[in-house]
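**Student:** FYI, the numbering for the sequence shown is 1 to 287, going by our numbering.
Quick caveat, the hints were computed from the structure, so don't treat them as lab data. Bear in mind that the values here come from a model prediction, so they are computed numbers and not experimental data. All C-beta atoms in this analysis are idealised placements derived from N, C-alpha and C, irrespective of residue type, glycine included. There could be a bad hint or two in this list.
[As the list claims (entries may be wrong)] Derived EDC-like pairs: lysine to aspartate or glutamate, alpha-carbon spacing no greater than 16 Å straight-line:
(1) K247 - E217
(2) K280 - D49
(3) K115 - D125
(4) K247 - E220
(5) K146 - D172
(6) K247 - E216
(7) K222 - E279
(8) K158 - E197
(9) K146 - D108
(10) K222 - E245
(11) K146 - D113
(12) K210 - E197
(13) K146 - E168
(14) K210 - E245
(15) K146 - D169
(16) K210 - E130
[As the list claims (entries may be wrong)] Computed beta-carbon distance windows for the label pairs:
(17) E168 - K247: 44 to 50 Å
(18) G265 - R124: 19 to 25 Å
(19) D120 - P200: 35 to 41 Å
(20) E80 - G248: 28 to 34 Å
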Amino acid sequence: MRPTTLFLPLALLLSCSNAERQPSNGSARQSSDAAYALRPDEAAPLHFDRLYQSYGVEGCFALYNLQNDSLSLYNPGRCERGFLPASSYKIPNSLIALQTGVVSGPGDTLFWDGKKNWNDDWNRDNTLAEAFRVSCVPCYQLIARKVGVDRMREWTTKTGYGQLDIREDNIDTFWLQGDSRITPLQQVRFLIRLYREQLPFRKEHQRTVKQIMLLEETPEYKLYGKTGWAQPDGRNIGWFVGFLETKGAAYVFVNNVENEQAPEGENGAFQRCRREIAEKILNIGQN
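Take the sequences, apply the hints, and build the full model.
**Tutor:** Shown next, in the form of structure tokens:
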């Protein structure tokens, strides 16, 4: 059975929030201004300690109601800390690739260089949409090299996407290792603007990226998202970020998780928990 409502405590919290705040009147300007001024101290609190502990991780969760511009947070202090974006960066990387003409559309082919990778899905040619779906690191490294340092800096600065350390010697790894950082709240701001097509990219490119983010569609909801996984200093850092559309409502969500890195090949539970925790909170999927 696939429930159609949010996790019960969260549903009650959001219904109270809806009662206290009037929905947006549809003004893009007003919605945009509200979205950029996220205030953690005014956010509704979420309580999911036991859920995160059951997976053996620490983490945080941010939920933004796009109808009434309300923010709810679990572990708000962590929501303001910076982390490597890892493969969640494939979202802006795709937008930049489309905007700069490095790729022309979701069906454009990114050719395999013939080097064997641990993931068999990466050992072939992939379209942009396929590369996004299988999180093909070599494909997006190719994109980054073609975009180049100057244009990558230009567009990440224009979008306000975190604090990224982009140089010639790390152009194809800066989101995976090193000093680049983005906070969960910065992810929320970026995703709000993407959902509303208010980023400084052509609207058609924003629609394309939203479409390739679509993970699951049922009669009750649509789930859009991207995972990310980095391993700095012996730690696992994980992301699951995206949008949830239900009947008459839409939300931006960001899940950030962390634990001690397990031996190679034994991090499967961590990889799964990125999405599973979010689905339990949102009360969707098989949970």
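**Student:** Next step is simple, just say for each hint if it's right about the structure.
**Tutor:** A quick look at each hint next to the structure:
Between the alpha carbons of K247 and E217 the distance comes to roughly 12 Å, so the proposed pair stays at or under 16 Å and holds. For the suggested pair K280 and D49, the alpha carbons sit about 13 Å apart, so the restraint of at most 16 Å is met. For the suggested pair K115 and D125, the alpha carbons sit about 12 Å apart, so the restraint of at most 16 Å is met. For the hint pairing K247 with E220, the CA-to-CA distance comes to about 7 Å; that is within 16 Å, so the pair holds.
Between the alpha carbons of K146 and D172 the distance comes to roughly 10 Å, so the proposed pair stays at or under 16 Å and holds. Under the criterion of a C-alpha separation no larger than 16 Å, the hint pairing K247 with E216 is consistent with the structure, at around 15 Å. Taking the CA atoms of K222 and E279, the gap is about 12 Å. The hint holds against a cut of 16 Å. Proposed proximity of K158 and E197 is supported: the alpha carbons are some 14 Å apart, at most 16 Å.
Of the pairs offered as hints, the one joining K146 and D108 holds, with about 14 Å between alpha carbons and a cut-off of 16 Å not exceeded. Among the hinted pairs, K222 with E245 is consistent with the structure: their alpha-carbon atoms are about 5 Å apart, no more than 16 Å. With a C-alpha separation of about 14 Å, the suggested pairing of K146 with D113 holds against the 16 Å cut-off. Proposed proximity of K210 and E197 is supported: the alpha carbons are some 10 Å apart, at most 16 Å.
For a cut-off of 16 Å, the pair hint linking K146 to E168 stands: about 12 Å separates their Cα positions. Of the supplied pair hints, the one linking K210 and E245 holds, its CA atoms being roughly 12 Å apart against a limit of 16 Å. Note on K146 and D169: the hinted pairing holds, with a Cα-Cα distance of about 14 Å set against a maximum of 16 Å. Between K210 and E130 the CA atoms are separated by roughly 14 Å; this keeps the pair inside 16 Å, and the hint holds.
Checked against the hint of 44 to 50 Å, the pair E168 and K247 passes, with Cβ atoms roughly 49 Å apart. Distance hint for G265 and R124: a CB-CB separation of about 23 Å, consistent with the stated range 19 to 25 Å. Roughly 37 Å separates the CB atoms of D120 and P200, a value that falls within the hinted 35 to 41 Å. Remark: the range hint 28 to 34 Å for E80 to G248 is upheld by a beta-carbon distance near 31 Å.
The earlier numbered hints are all upheld by this structure, with none contradicted.
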